[in-house]
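Which chain is which? The protein sequence lines are A and B, in order.
Read in order, the letters of the first sequence are residues 1 to 208 in full-length UniProt numbering.
Read in order, the letters of the second sequence are residues 1 to 208 in full-length UniProt numbering.
There could be a bad hint or two in this list.
Same chains, same label: a pair holds when it works inside one copy or across any pair of copies.
Lysine to aspartate or glutamate pairs mimicking DMTMM-like chemistry, simulated, CA-CA at most 25 Å apart [stated by the list, open to error]:
| # | residue 1 | residue 2 |
| --- | --- | --- |
| 1 | Lys154 | Glu98 |
| 2 | Lys154 | Glu107 |
| 3 | Lys154 | Glu193 |
Read the hints as simulated data drawn from the structure, not as lab findings.
2 protein chains.
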Amino acid sequence: MQFTDEPVDADEARRQRARYEPFTEAVRDLIDATIRTQAGAADIAAAQRSIEAVTARLRATQIDGPYGVQFTTEGDGMSWGNPVIGVRNPMAPPLRVESDGARCWAEFDLGAAYEGPPNHVHGGVSALILDHLLGEAASAGGNTPVFTGTISIKYLRGTPLGALRAEAWVERVDGIKSYARGVISDITGITVEADGVFITPQWARDPR
Amino acid sequence: MQFTDEPVDADEARRQRARYEPFTEAVRDLIDATIRTQAGAADIAAAQRSIEAVTARLRATQIDGPYGVQFTTEGDGMSWGNPVIGVRNPMAPPLRVESDGARCWAEFDLGAAYEGPPNHVHGGVSALILDHLLGEAASAGGNTPVFTGTISIKYLRGTPLGALRAEAWVERVDGIKSYARGVISDITGITVEADGVFITPQWARDPR
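Isolated chain A (complex conformation):
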């Protein structure tokens, strides 16, 4: 498990983002429509032919495997395929994580694609988001790779679909272990709490 790709020039990274991010947003919107449509059989068959034609065009030039994590020449990580923050992953909300050094947070909106109980966020989606955000806090904003050791999640009540906020911070660091906490809140308060232990892997313990 290594991050070995050649770094991408920062201007080229900006060009790629301008090209792919709006397209990914269009596919994200399609996911929502795919779940909610009541279109009839003929319309769905036509839509399927269109989608398959687009996919074939996209696949004519594609990387061999998954996206991985690429870096720019300025050292910024491009986790563009990530299922939580990836600007090229249509299944990511995506979270745009902000940080003041001590805490990191994101405000986001979850719709039909993230539903478990009717009108509520799937409990596992809350776990996915908290795992990611606690990991970001533990990795000091992505500067040090970390892996989740353990995470415990407590559901105080159902989390409604719609506008939400998540926040995470490190409680303490003990050698290679960082102890992080975090919450998801709706407009009336906290709905889910998480505690996690994150580990810095051997190969990342020396400065890059």
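Position chain B against the provided structure of chain A, taking the given hints into account.
This is chain B only, laid out in the frame that chain A set:
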């Protein structure tokens, strides 16, 4: 939080599934291609116009909100929008959960859309899948609605992308609380373990 929609006739449910499931699979394949494509700006712009046109056609006739959980007249739950098992949710792998009464399990394949560390499953995706599968075990195959109270997840090592298996079972039941356990395994053994407490909600405690 209620399951109040009128039940769907079983034949109509089969017709809907035949119509929407292959289309959803096509959108799922598009998600993978969206992450991995290296197509140029003109091709991406053309692809975006095609996708937006399809989305507009789908949205011309759609339900007002998220999918929810519908039931057939035979009492089968149709969690078709669910992000883990939903046959109409392109972000779901989807898991096809089997059960022998005591245990439930699923074999599935995770690709680029589920990647965290390079070539490995995002820790939060493992949490999403385990939360769902432990919940299925605790709800006796979906017959009793349950909500996650707490879940603790332990990562033994990285989970590689590719062919995986997840399994869950109930360890014990104590009143309205079910204690469930589960694991994710790759070809060489267990990569992630989970323990969860699931709660039967008040409104579901009397027989339907």
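task = Determine which of the earlier numbered hints do not hold for this structure and return their numbers in increasing order.
result = none
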